[in-house]
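**Student:** Spelled out, the chains give:
4 protein chains.
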Amino acid sequence: MKHFDYRTRVRYGETDCMGVTYYANYFVWFEAARTEYFRAIGFAYAEFEKQGILLPVADAHCRYLAPCSYDDLITIRTVVSQIRQSSLRFEYHVLKAGCSKPIATGYTVHVFSNRDFKPLRIPEELKSKLELVGLEL
Amino acid sequence: MKHFDYRTRVRYGETDCMGVTYYANYFVWFEAARTEYFRAIGFAYAEFEKQGILLPVADAHCRYLAPCSYDDLITIRTVVSQIRQSSLRFEYHVLKAGCSKPIATGYTVHVFSNRDFKPLRIPEELKSKLELVGLEL
Amino acid sequence: MKHFDYRTRVRYGETDCMGVTYYANYFVWFEAARTEYFRAIGFAYAEFEKQGILLPVADAHCRYLAPCSYDDLITIRTVVSQIRQSSLRFEYHVLKAGCSKPIATGYTVHVFSNRDFKPLRIPEELKSKLELVGLEL
Amino acid sequence: MKHFDYRTRVRYGETDCMGVTYYANYFVWFEAARTEYFRAIGFAYAEFEKQGILLPVADAHCRYLAPCSYDDLITIRTVVSQIRQSSLRFEYHVLKAGCSKPIATGYTVHVFSNRDFKPLRIPEELKSKLELVGLEL
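Listed in order, the protein sequences are those of chains A, B, C and D.
The end of the first sequence is residue 137 by my numbering, with every number in the run present.
The end of the second sequence is residue 1137 by my numbering, with every number in the run present.
The end of the third sequence is residue 2137 by my numbering, with every number in the run present.
The end of the fourth sequence is residue 3137 by my numbering, with every number in the run present.
Hint data in this document are derived by calculation from the structure and do not stem from the laboratory.
It is possible that part of the hints are untrue.
Straight-line distance between alpha carbons at most 30 angstroms, and here's what the computed DSS-like set of lysine-lysine pairs gives [unchecked claim]:
hint, chain 1, residue 1, chain 2, residue 2
1, B, K1002, B, K1127
2, C, K2050, C, K2096
3, B, K1050, B, K1127
4, D, K3127, C, K2050
5, D, K3050, A, K96
6, B, K1101, C, K2127
7, A, K101, C, K2118
8, B, K1101, D, K3050
9, B, K1050, B, K1118
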């Protein structure tokens, strides 16, 4: 496994009066995809938090290439593309059934932090696992 | 003052592909209106939480009578309609500029709780103030 | 089948600073559950809309019995409990892994409407199917 | 006027269980700020849509520098930083009372489009007005 595919359907409440998904909601999907990425490689992000390790977002970007609508089946293809001392970068491709190209691409950068938002080093066990998993989409 | 009027505009992201406000977002407005209701009578709900007094929702209802759309100017007319030992009931009328009748009505019931969600008695100072303010819309 | 079980995980963005799911988001889950309920009995709500048949919410209620947190696996047990000339009533039980009782219960009432929000009669084919499926949780 | 200041308070539902504002909600604020920016220079975005001119987002970015919490009073300082044939770029500084530096910065790029998401030229009247208003924060 290099990437992880998180599948979901566009909820009604995720659309707006333009008839398509509201732009901020892609970031909600990215977050759900990160949770499942961690689970897929054997970590529960909820457990990190119980140990006082938070992963707040430092940077978030999305490029919107084609819209998607209510009930569309979409896939968030997710990979960790960079591992640093105290940060991680995720990249995302949003795929829609029937479209050969991504309908959106994006990234988020996260800093390992304690509850006071001071940086922490990445847990060694997670780092090793991510390096094993690989960094390409 | 018996009631408090919280004014806001419908945000684009609060609408859905039916072209009108998504039903769950009325509850978000109710919550913003509660915050401003407390402020209007001299309390900051954020301060309650710092003291370990939470007000989770036990019951929530909304009746939708007419839709509202992006950028509509709306008013959430808010009143505390019932005060009990450890609970409060808020009632809401959603008003839209140009409509004589409410476009929605609703209520929420809240239980004073500690951080473990065990019931607490209503703070005496708040109770006195609410009784002074009055309970009718 | 009488009821339909929609399973999802609590997303990070669905929680609030009380540490548990924000109350309005239960209604988002109810909506996702309705979509899957329709699909389970052979209808796509998105298709109704393409034919000009909308199902706006007229009434929504939720009772919150116990909280749920980020990443909790929950089930929205969904049933149509009432079928009228031009309306439907859904009831929901929110179940959490490890809890014997529902952590929340709720209902929504929907009116079959055209694009101008004028009531329509329930499509005959849907009515027959719902009666066949049954109305008890 | 070069920039426009949109003021709002962090709503409870905009926070998450990290105790601070959920990252996707900054984009919701950016959108509310755009609406008020247009109004401040004499245009109603809702009117554009009635004329069949949409402004979907093509690109969105946010850098998170410091967190903000429930009930914090924040300002979204908003400017149009680039005007092209059929696109606009907005930049945003999120300011918090008591903080000298922005707690977040971001941008969005929008493409003038018809209802089928085909690009349109920017309306001449809007272009003239934006050039008059100026492009620096």
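**Student:** Looking back at the hints listed earlier, which ones does the structure fail to meet?
**Tutor:** 2, 4, 6, 7
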